[in-house]
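Number of protein chains: 2
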Amino acid sequence: MPEDRIDQLYIVTCTAPVNIAVIKYWGKRNEDLILPINSSLSVTLHQDQLKTTTTVATSRSFQEDRIWLNGKEEDVTHPRLQSCLREIRRLARKRRNDGDPCMDSAGLSQKVHICSVNNFPTAAGLASSAAGFACLVYTLARVFGIEGELSGIARQGSGSACRSIYGGFVQWIMGNKEDGKDSLAQQVEPETHWPELRILVLVASAERKPVGSTSGMQTSVKTSCLLKHRAESVVPGRMVKMIEAIRKKDFAAFGELTMQDSNQFHATCLDTYPPIFYLNHVSQQIISLVHRYNKHYGETRVAYTFDAGPNAVIFTLQQHVPEFVQVVQHFFPPETNGADFVQGLPVNCASLSEELKQSIGLEPVPKGINYIISTKAGPGPCVVKDPTQHLLSSDGFPKKMIAV
Amino acid sequence: MPEDRIDQLYIVTCTAPVNIAVIKYWGKRNEDLILPINSSLSVTLHQDQLKTTTTVATSRSFQEDRIWLNGKEEDVTHPRLQSCLREIRRLARKRRNDGDPCMDSAGLSQKVHICSVNNFPTAAGLASSAAGFACLVYTLARVFGIEGELSGIARQGSGSACRSIYGGFVQWIMGNKEDGKDSLAQQVEPETHWPELRILVLVASAERKPVGSTSGMQTSVKTSCLLKHRAESVVPGRMVKMIEAIRKKDFAAFGELTMQDSNQFHATCLDTYPPIFYLNHVSQQIISLVHRYNKHYGETRVAYTFDAGPNAVIFTLQQHVPEFVQVVQHFFPPETNGADFVQGLPVNCASLSEELKQSIGLEPVPKGINYIISTKAGPGPCVVKDPTQHLLSSDGFPKKMIAV
Numbered sequence: 092m093p094e095d096r097i098d099q100l101y102i103v104t105c106t107a108p109v110n111i112a113v114i115k116y117w118g119k120r121n122e123d124l125i126l127p128i129n130s131s132l133s134v135t136l137h138q139d140q141l142k143t144t145t146t147v148a149t150s151r152s153f154q155e156d157r158i159w160l161n162g163k164e165e166d167v168t169h170p171r172l173q174s175c176l177r178e179i180r181r182l183a184r185k186r187r188n189d190g191d192p193c194m195d196s197a198g199l200s201q202k203v204h205i206c207s208v209n210n211f212p213t214a215a216g217l218a219s220s221a222a223g224f225a226c227l228v229y230t231l232a233r234v235f236g237i238e239g240e241l242s243g244i245a246r247q248g249s250g251s252a253c254r255s256i257y258g259g260f261v262q263w264i265m266g267n268k269e270d271g272k273d274s275l276a277q278q279v280e281p282e283t284h285w286p287e288l289r290i291l292v293l294v295a296s297a298e299r300k301p302v303g304s305t306s307g308m309q310t311s312v313k314t315s316c317l318l319k320h321r322a323e324s325v326v327p328g329r330m331v332k333m334i335e336a337i338r339k340k341d342f343a344a345f346g347e348l349t350m351q352d353s354n355q356f357h358a359t360c361l362d363t364y365p366p367i368f369y370l371n372h373v374s375q376q377i378i379s380l381v382h383r384y385n386k387h388y389g390e391t392r393v394a395y396t397f398d399a400g401p402n403a404v405i406f407t408l409q410q411h412v413p414e415f416v417q418v419v420q421h422f423f424p425p426e427t428n429g430a431d432f433v434q435g436l437p438v439n440c441a442s443l444s445e446e447l448k449q450s451i452g453l454e455p456v457p458k459g460i461n462y463i464i465s466t467k468a469g470p471g472p473c474v475v476k477d478p479t480q481h482l483l484s485s486d487g488f489p490k491k492m493i494a495v
Numbered sequence: 092m093p094e095d096r097i098d099q100l101y102i103v104t105c106t107a108p109v110n111i112a113v114i115k116y117w118g119k120r121n122e123d124l125i126l127p128i129n130s131s132l133s134v135t136l137h138q139d140q141l142k143t144t145t146t147v148a149t150s151r152s153f154q155e156d157r158i159w160l161n162g163k164e165e166d167v168t169h170p171r172l173q174s175c176l177r178e179i180r181r182l183a184r185k186r187r188n189d190g191d192p193c194m195d196s197a198g199l200s201q202k203v204h205i206c207s208v209n210n211f212p213t214a215a216g217l218a219s220s221a222a223g224f225a226c227l228v229y230t231l232a233r234v235f236g237i238e239g240e241l242s243g244i245a246r247q248g249s250g251s252a253c254r255s256i257y258g259g260f261v262q263w264i265m266g267n268k269e270d271g272k273d274s275l276a277q278q279v280e281p282e283t284h285w286p287e288l289r290i291l292v293l294v295a296s297a298e299r300k301p302v303g304s305t306s307g308m309q310t311s312v313k314t315s316c317l318l319k320h321r322a323e324s325v326v327p328g329r330m331v332k333m334i335e336a337i338r339k340k341d342f343a344a345f346g347e348l349t350m351q352d353s354n355q356f357h358a359t360c361l362d363t364y365p366p367i368f369y370l371n372h373v374s375q376q377i378i379s380l381v382h383r384y385n386k387h388y389g390e391t392r393v394a395y396t397f398d399a400g401p402n403a404v405i406f407t408l409q410q411h412v413p414e415f416v417q418v419v420q421h422f423f424p425p426e427t428n429g430a431d432f433v434q435g436l437p438v439n440c441a442s443l444s445e446e447l448k449q450s451i452g453l454e455p456v457p458k459g460i461n462y463i464i465s466t467k468a469g470p471g472p473c474v475v476k477d478p479t480q481h482l483l484s485s486d487g488f489p490k491k492m493i494a495v
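Heads up: the sequence lines are chains A and B, in that order.
Under this note's numbering, think of the first position of the first sequence as 92, with each following residue one higher.
Under this note's numbering, think of the first position of the second sequence as 92, with each following residue one higher.
One chain only, chain A, in its complex shape (with noise of 0.2 Å):
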């Protein structure tokens, strides 16, 4: 274990990206080790605009394993993380019975600090654990040398945290064995494969606290019976088509089987018992607006989706961006006069036709959306090699930070 281990401290920092599934992940069939009762797909989304950052360090001087999640000391012993750190050390183990040369026993006894923050708000709802369960689990096993498949552990943090082991387009196999060691994530294309692609995230205000989707999923599970033909009957032969569509960069395949599985996830939620409401008004609104967009071209250039929180998700291709960010701001108009109102990759202005408008023809809902954050497919996680990015200083406690 090398240069970073400083006055007994071994520190590594990596980043891991958010994902965004357009086959959806909704039911377990075994709730301990988290396995899916169907295979999902997701696209990675780009570290620039989204990312989680961790520090973990193991030191012969910490009493205790301790995390730090956005500048506040969180529960240790929140049975996920356990989960993830009893995997990571029995992997260790395993390979320092095996006669790793490399594997230093000491540091296995080691107690950890870990700190980790998002570069996005927590308001801003987007689900934020499979980027931190993804990047501890990363984080974790550059620390303790372990190197090859990590996504079944992630997995064992948040279900869809597998997927964000990986960067580009990514599915994670449901997998049919008991204890789970088939239910993986894998690269189906990299994300330089599809370099026109392009991700709008629209970011709601919600009213509400929605429906948790741990316990979300458990009452579906137990009460809704089109989810179960969903999962057993519908998903398979999507999944087939959505790496079909993606591999042949087919923007119409892609965009309509991302809609109609979005669709369906949250049918099967108002199939739920008492049925459970993700979509409010301006997500309705924003299906409208889509499907007249596209009716209007006569073609899909756009294409939504909706995880279990209030914002939209839109893909589309790059030359239609300008466009349709317009025709965002117009149907929903922000509180300012938009200045902030698009974040991340930079979007060129356009003019919005009359006939558009027309074509369009809903009626505005102010301050709908907060605002839009631009973005693209990207890489999975990444260790930082820059010492000063630690998030914990040589101590071991957390720096100082700015909470976002």
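Some hints could be false.
As the list makes no split between identical chains, a pair holds if one copy fits it or if it spans any two.
[What the hints assert, rightly or not] In silico SDA-like cross-links for lysine to any residue, where the CA-CA straight-line distance does not exceed 20 Å:
no. : residue 1 : residue 2
1   : Lys268    : Pro327
2   : Lys313    : Lys386
3   : Lys202    : Arg233
4   : Lys313    : Ala343
5   : Lys163    : Pro425
Just so you know, the hints here were simulated from the structure itself, not pulled from any lab data.
Assemble chain B onto chain A, guided by the hints.
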């Protein structure tokens, strides 16, 4: 043909009820014959509150079939109207040919004038086509002396009209013959079976005209794989359970299944591509309110169901009506002082405990509900004996009416 035939005018007036499905009909397997993809079950509402009245006259002097709906002459060549007229005349001819002495062969060749009105505003969005076609078919049958099964003819006017041919609790058995001869309605229990059952129609103010049910269900059949599964694998079991709950007057079972089936119907609308939304912000609020109300009491006291429009229909037992109406009035404060907020069957006053209000804990939505129609299960179509009630005068043309 007796007393009412004056000056060659034979005139009959009947009324027919609205029905509300608790196991929903959505999707046809045959568009022309109106054959459904699943059986359905409804409660017939009492005509004291909601009814259609239809007068049919025949006369040698009439040059052509004509129809007036709610004071306005409409196109008599409408295919579904023609289906009903053709079927009734076919049966009448058959009876004459079979040698029925009552059958007047002259009357058979005469043209009809039809005049129909609802005692509720069309704007209330209370799917009036079911009551309308049931009333038309029932009245025509009286005019042409047809007895026996009429639901198969009413079905060809509007699918759910077949259920308005009976009072009380009515199932529409989907049948499986290609010619639809076995796709008929049947009374499960009469309107006297469950006297404590009460129905509240919460008339909502719709912001926009939703997708019509005819085209909506066509798109759903074409695009929703969840609808196919629902029709084939979910509804058959639910029909059995619903009939059992009604027979046993088990409100909890009846109410829960009613809510689940309403939600599943709307789930299949959301699974339709492009998706169809009938539930708006107010509907979602009513759904939350009902679940929270029931949770407060630890039992299912109230149940909701929503059709292809914004109105909610609430089922409850007589003893819970006063409090629940107060709850609705509290969380949907009416525009005025609430004087005309409740129409129909009288509702006693009740007070709301602070505990209940807090337990529900929703943000009130002012003017979300226009008014409530308080009603109960009621009988099927009836003949109106009083000749002053005819909608056509002795010249065979509509009496002057005040549009409602």
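Hints, verified against the model:
With identical chains, the CA atoms of Lys268 and Pro327 are at most 20 Å apart within one copy only, with a shortest distance of 17 Å there and 34 Å across copies. Taking the closest pair of Cα atoms, Lys313 and Lys386 come within 20 Å of each other only across two copies (18 Å); inside a single copy the shortest separation is 38 Å, beyond that limit. Taking identical chains as interchangeable, the C-alpha atoms of Lys202 and Arg233 lie at most 20 Å apart only when both belong to the same chain, with a minimum of 15 Å there against 89 Å between chains. For a Cα distance limit of 20 Å, the shortest separation of Lys313 from Ala343 across copies, 19 Å, qualifies, whereas the shortest one inside one copy, 34 Å, does not.
In this homomeric assembly, Lys163 and Pro425 never come within 20 Å of each other (Cα to Cα): the closest approach is 32 Å inside a single copy and 46 Å across copies.
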